[in-house]
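Undergrad: Sequence order for the protein chains is A and B. For the first sequence, this note's numbering begins at 1 and goes up steadily by one. For the second sequence, this note's numbering begins at 1 and goes up steadily by one.
Be a bit skeptical, because a hint or two may be false.
[To be verified] So the derived list for chain B, only partly shown, Cβ under 8 angstroms to chain A, looks like this:
1. I27
2. F128
3. T152
4. V163
5. G164
6. I172
[Claimed, not checked] From the derived model, a few chain B residues whose C-beta atoms are all more than 12 angstroms from chain A:
7. H22
8. P70
9. S111
10. I114
Hints are computed from structural coordinates only; laboratory data are not their basis. Backbone N, C-alpha and C fix where the C-beta goes; we use that ideal spot for every residue, glycine too.
There are 2 protein chains.
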Amino acid sequence: MKDFDLKKPIEILERTPVVLKHILQDISVEWSHANEGSETWSAFDVIGHLIHGEKTDWIPRIEIILSESPDKNFIPFDRFAQSTENQNKTLSQLLDQFEKIRKINLEKLKSKNITQDDLNKKGIHPAFGEVSLRQLIATWAVHDLNHISQITRVMAFQYKKQVGPWIEYLRILK
Amino acid sequence: MKDFDLKKPIEILERTPVVLKHILQDISVEWSHANEGSETWSAFDVIGHLIHGEKTDWIPRIEIILSESPDKNFIPFDRFAQSTENQNKTLSQLLDQFEKIRKINLEKLKSKNITQDDLNKKGIHPAFGEVSLRQLIATWAVHDLNHISQITRVMAFQYKKQVGPWIEYLRILK
Numbered sequence: 001m002k003d004f005d006l007k008k009p010i011e012i013l014e015r016t017p018v019v020l021k022h023i024l025q026d027i028s029v030e031w032s033h034a035n036e037g038s039e040t041w042s043a044f045d046v047i048g049h050l051i052h053g054e055k056t057d058w059i060p061r062i063e064i065i066l067s068e069s070p071d072k073n074f075i076p077f078d079r080f081a082q083s084t085e086n087q088n089k090t091l092s093q094l095l096d097q098f099e100k101i102r103k104i105n106l107e108k109l110k111s112k113n114i115t116q117d118d119l120n121k122k123g124i125h126p127a128f129g130e131v132s133l134r135q136l137i138a139t140w141a142v143h144d145l146n147h148i149s150q151i152t153r154v155m156a157f158q159y160k161k162q163v164g165p166w167i168e169y170l171r172i173l174k
Numbered sequence: 001m002k003d004f005d006l007k008k009p010i011e012i013l014e015r016t017p018v019v020l021k022h023i024l025q026d027i028s029v030e031w032s033h034a035n036e037g038s039e040t041w042s043a044f045d046v047i048g049h050l051i052h053g054e055k056t057d058w059i060p061r062i063e064i065i066l067s068e069s070p071d072k073n074f075i076p077f078d079r080f081a082q083s084t085e086n087q088n089k090t091l092s093q094l095l096d097q098f099e100k101i102r103k104i105n106l107e108k109l110k111s112k113n114i115t116q117d118d119l120n121k122k123g124i125h126p127a128f129g130e131v132s133l134r135q136l137i138a139t140w141a142v143h144d145l146n147h148i149s150q151i152t153r154v155m156a157f158q159y160k161k162q163v164g165p166w167i168e169y170l171r172i173l174k
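Let the hints inform the model, and build the full structure from the sequences given.
TA: Spelled out as C-alpha cells, the structure:
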C-alpha cells in the first residue's frame, strides 16, 4: 500500500476480537490452554497480552504523541503482565473483555480526528527512539495479525506428531 | 495431546469457514487481493485453494482409505488449480462456497462413524508412501491453521514498511 489511510488499519483492529472469538470460544482446553513448551504462551495467554496492550500500550502512546506535553517518552510495555492478572479468569471472560476494551479504544481513536499531519508526529520509544504516529498505528494492526498467527501456530503445534510425514508440507510446524 | 479424539480436529474444521469470513468478508481489496510478490498467493487465492482441497483432496482420500478396493493410491493434488478456476469469482462468493462445501464434507466425515481401528488404516500418498487415516485427518485440521496463519502473514506483509522499526518485534514480518 502506497498511502496510509487510517481506515485500513481500523479494518483489521475492528475484526480481531470477533475473529479470536470464532477461533477460540468454547473450544477444548487442549487447543486453548496448551503451549509450545515451558516459557511459551498458550492461546489463553495471548488474549491476556492483547488486553494488557489495550490498557497500557496503544492508546496511551497515541495520546503521548498527540498531547501538548513536551515529554514524548513512552512508558515501557510489560509483555508478561498478563500471567499474574488473568490467573482466575476464564477464556470466555477474556474474549469478552478484549472485545469491550478494543471497541472503547477504537472509539477513542476515531474521536481524535487524526489528520495526515498528526500521523507524522513523533514519540520516543524506549528501545527504538523516535517513531511516528503512523508507524504506531500500523504496528497496532500488524500486532493483531501477528498474534492471530501465533495462536494458530500454537494450536497446530499440538498436532505436530499426529500429522506424520505431512509435516514437510506444513510451514506452520517448522 | 496424547490420544486422537476425532472431535478435536472437527472443532478446528468446523470453525475455519466462519473465522475466514470474519477476517476477510467486505475488507478492502488492498488486504484481500494483495500478495507477497510474484508467484505468491493473496488471501483470495488461499480461499480458492481451500475449496479445491474440499473438492478433490480430503474426503476423496478418506474414502480411498476406507474403501474395500485394494488400490490405496491417492490421486495427486493440484496445488495451483484455483488460479484458473476462480478468476471471475468474488471473494464473498468463494467464502460462501467454502462454508457450504466444508459443511457437506464434515457431514460426510461424521456419517462414516470412524472407529479407532479405522484411524489406523492406510493409504498411499504419492510422495510419502504409507500414511494413516489418523495422520490424514490431523493434517486436514493443521492445514486449515496453516492457511489462516498464511492469510494473516500476507496481510501483515502489506504494512512491512509502515511499521518502521517495530519490524524487529513482529515475527510475522520475518
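Undergrad: Does G164(B) pass the interface hint, meaning its C-beta sits closer than 8 angstroms to a C-beta of chain A?
TA: 4 angstroms, holds
Undergrad: Confirm or reject: S111(B) is not an interface residue toward chain A, with every Cβ-Cβ distance exceeding 12 angstroms.
TA: Non-interface label stands for S111(B): nearest chain A Cβ at 22 angstroms, farther than 12 angstroms.
Undergrad: Would I114(B) pass as off the interface with chain A, using Cβ distances and a cut of 12 angstroms?
TA: 15 angstroms, holds
Undergrad: So, V163(B) near chain A? Judge it on the closest CB pair being under 8 angstroms.
TA: Constraint on V163(B) satisfied, holds at 5 angstroms.
Undergrad: Report holds or violated for the interface hint on I172(B), using the least CB-CB distance to chain A and a cut-off of 8 angstroms.
TA: Because about 4 angstroms separates I172(B) from the closest Cβ in chain A, which is inside the 8 angstroms limit, the hint holds.
Undergrad: Should the hint that T152(B) touches chain A count as held when the rule is a Cβ pair under 8 angstroms?
TA: OK, holds: T152(B) within 8 angstroms of chain A, min 4 angstroms.
Undergrad: When you look at the beta carbon of P70(B), is every beta carbon of chain A farther off than 12 angstroms?
TA: 22 angstroms, holds
Undergrad: Decide, holds or violated, for the assertion that all CB atoms of chain A are farther than 12 angstroms from the CB of H22(B).
TA: 5 angstroms, violated
Undergrad: Please check whether F128(B) passes as an interface residue: C-beta within 8 angstroms of a C-beta belonging to chain A.
TA: 4 angstroms, holds
Undergrad: Would the hint on I27(B) stand, with a C-beta cut-off of 8 angstroms toward chain A?
TA: 5 angstroms, holds
The structure shown violates just one earlier hint, number 7.
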